[in-house]
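S.K.: One letter stands for each residue in the lines below.
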Amino acid sequence: MSDHPYRNRPAWTRWRHAVVECDELDPMTEPPFTFGPKTAVVTAGSCFAQHIGRRLAAEGFNYLVTEPAHPMMSPGAAARLGYGIYSALYGNIYTPRQRVQLFDRVYGRFEPREDVWRDGNGAVVDPFRPQIQPQGFNGEKELALDRERHFRAVREAFETLDVFVFTMGLTEAWRSRVDGAVFPLCPGVAGGVFDRKKHEFVNFDVETVVADTRAFLQRLRSVNPSAKVILTVSPVPLMATAEDRHVLVSTVYSKSVLRVACDVLSRERNVTYFPAYEIVASGFGGDYFAEDRRSVTEDGVDHVMRVFSRHFLRQSRSTGVLQRAWALFSEKRATTEQKVATVKRAVGVMCDEEALGRFSDAKKD
Amino acid sequence: MSSFVAFGHSHVVALARGFDEMLAEPDHPNGGFHYLHDARFVPNLTDEGGRDRLNPDLRRLVDEVGSGSVILSIAGNEHNVLSILQTFQKFDFVLGERPELPLEPGAEVFPEAMVRETLRDWLDDGFRLLAAFRAATSAPMAQLEAPPPLPRAHVLAHPGELLPDPASRDKLSPEIFRYKVWRVQAGLYREVCGKCGITYVPVFPDMVDGNGMLAAPFHGKDATHANAAFGRRMMMEAFHLLGTQ
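Protein chains in written order, with the working numbering: chain A, 1 to 365; chain B, 1 to 245.
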């Protein structure tokens, strides 16, 4: 039998071995880099990216959060206000254009003209983070100060990260006709007023996605030369399309564009692609969509993170490192909780003494 | 039959003392005051089929008021717990209703929502109790605003266990910051009372001094409470708003 290129290829190149007969679908091959528990990892992207950061933190890895909640915040308040979902409070970043725009904004290279919206209740909304404050900002002064703080945090993230995991979600976007600023949500949906004269729909193609990502990589490396990037494509379908066609057709177009772009970009230095999309959306790993056929189930996230961990995370972390990290985090929170408890006790004593003077049967706390 | 019944935590004491001063006057309403940490009222809420219901003794007292009024002074010192000492990394925020108020130099500026949502969690028990009172009766009902923070000099003169040593005195927060947190708490109470259908009775403007602190004529005996003069004015206003005869 003559030789040919398919002879002696690795098992993962053969469908029967790699998809049909595998114990668990693992479409990842050897990544160009791995990282350990001290590697500073930043995440950003569409909603699927939230799972990655959450899981990294839970496994004791150095998930970098440069815009943390103040220690005195209640955990519930921190969660409601979105702290810790991403490395900084940028909210969902759906397209590579938004990502390069964010970079330019935080380094003062781009100041969009349309930088304040109002919602239906008159509250101030950040057009580039329209859902970051559940009831909006209390005024333009608060938004301006928060934006300053946020930009500092994003710069810190870009400059100190070792690995940046970006999940691309969409190709469809709405942008300003005035200066090209791209909004994460169409004006009018969560603030602002839609105006056809000021806003236009855009559906980015492969060339643009690749160009925008290369532009971002160049900028990132200008402040952090050794940064490594992991690209993924969110498996979550579009909630709605602005194209005049079926949303499923638009979804496949968008995901295809992003997937092709990732393939081109993964040939860049220190850039690699992680196949979260293939694990969830191909259907060959399992049915990982919830009843709404958009949300990814926890089983799906588990599968994705198992594959991610297996290939990227160096499992040589020592118990000591994990314990030290956890201890530091716990100590800070415990110290703050102790301080709050001390003040509560002192105020409680005052309350008891006030009441005891009047209500003789008062129960002491 | 009582024309009102009042319930509260420690701030109810000032209301009760204020009402005591009205007893000598003709045509004062009849009613009584009850401290929610009284052993017979604890726990204040019971779980009945997954819903909060008032403790049976509280319910009985509410039922007894009939067509009278229910006056509440539930919780309310949480703003002091959050603001009185700068034991955390120093922070400040822009108060939406008074954005012109200065920010503390060197403090990290967070959105007001951070204070609001933290207080919302800390006050959750109190808000559930408000809702349970509302659900227990259709009688006219009011929640009286907690007094503003007390001035620095007064806190230092009556530190209690808050400032156990001289070094801790430096940790007392600026008055403007404490005022802001009190206002955020007031906003939360307004929001919750509005949703429940409870009249919210704010403090009078003359009870707040130029620095946002409780004015001198209304100071209580410690670092966080008001006196009978405060209580009397607040009770009279509650009677007026609720039409209490």
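Because the hints were derived from the structure by calculation, they are not lab data. All figures in this text were calculated on a predicted structure; none of them were measured in a lab. Glycine included, C-beta positions come from ideal geometry on N, C-alpha and C. Among these hints, one or two may not hold up.
What the hints assert, rightly or not - Derived coverage of chain B by chain A (criterion: at least 3 residues anywhere in the stretch with Cβ under 8 Å from a Cβ of chain A; other residues may be distant):
{"id": "1", "segment": "69-82"}
{"id": "2", "segment": "140-147"}
{"id": "3", "segment": "168-176"}
{"id": "4", "segment": "180-186"}
{"id": "5", "segment": "193-205"}
{"id": "6", "segment": "233-243"}
Said to hold, decoys possible - Derived DSSO-like pairs: lysine-lysine, alpha-carbon spacing no greater than 30 Å straight-line:
{"id": "7", "chain 1": "A", "residue 1": "K197", "chain 2": "B", "residue 2": "K221"}
{"id": "8", "chain 1": "A", "residue 1": "K344", "chain 2": "B", "residue 2": "K171"}
{"id": "9", "chain 1": "A", "residue 1": "K198", "chain 2": "A", "residue 2": "K141"}
{"id": "10", "chain 1": "B", "residue 1": "K195", "chain 2": "A", "residue 2": "K339"}
{"id": "11", "chain 1": "B", "residue 1": "K195", "chain 2": "A", "residue 2": "K141"}
{"id": "12", "chain 1": "B", "residue 1": "K90", "chain 2": "B", "residue 2": "K171"}
{"id": "13", "chain 1": "B", "residue 1": "K195", "chain 2": "A", "residue 2": "K344"}
{"id": "14", "chain 1": "A", "residue 1": "K141", "chain 2": "A", "residue 2": "K197"}
{"id": "15", "chain 1": "B", "residue 1": "K195", "chain 2": "A", "residue 2": "K38"}
{"id": "16", "chain 1": "B", "residue 1": "K90", "chain 2": "B", "residue 2": "K195"}
{"id": "17", "chain 1": "B", "residue 1": "K221", "chain 2": "A", "residue 2": "K38"}
{"id": "18", "chain 1": "A", "residue 1": "K344", "chain 2": "B", "residue 2": "K221"}
{"id": "19", "chain 1": "B", "residue 1": "K221", "chain 2": "A", "residue 2": "K141"}
{"id": "20", "chain 1": "A", "residue 1": "K141", "chain 2": "B", "residue 2": "K90"}
{"id": "21", "chain 1": "B", "residue 1": "K171", "chain 2": "B", "residue 2": "K221"}
{"id": "22", "chain 1": "B", "residue 1": "K221", "chain 2": "A", "residue 2": "K339"}
S.K.: Does each hint fit the structure? Answer for all of them.
M.R.: Against the structure, the hints:
no.	hint	verdict
1	69-82	holds (count 4)
2	140-147	violated (count 0)
3	168-176	violated (count 0)
4	180-186	violated (count 0)
5	193-205	violated (count 0)
6	233-243	violated (count 0)
7	A:K197 <-> B:K221	violated (64 Å)
8	A:K344 <-> B:K171	holds (15 Å)
9	A:K198 <-> A:K141	holds (25 Å)
10	B:K195 <-> A:K339	violated (33 Å)
11	B:K195 <-> A:K141	holds (29 Å)
12	B:K90 <-> B:K171	holds (10 Å)
13	B:K195 <-> A:K344	holds (28 Å)
14	A:K141 <-> A:K197	holds (28 Å)
15	B:K195 <-> A:K38	violated (48 Å)
16	B:K90 <-> B:K195	violated (33 Å)
17	B:K221 <-> A:K38	violated (53 Å)
18	A:K344 <-> B:K221	holds (18 Å)
19	B:K221 <-> A:K141	violated (38 Å)
20	A:K141 <-> B:K90	holds (20 Å)
21	B:K171 <-> B:K221	holds (21 Å)
22	B:K221 <-> A:K339	holds (24 Å)
Going through the hint list in order, the structure does not satisfy hints 2, 3, 4, 5, 6, 7, 10, 15, 16, 17, 19.
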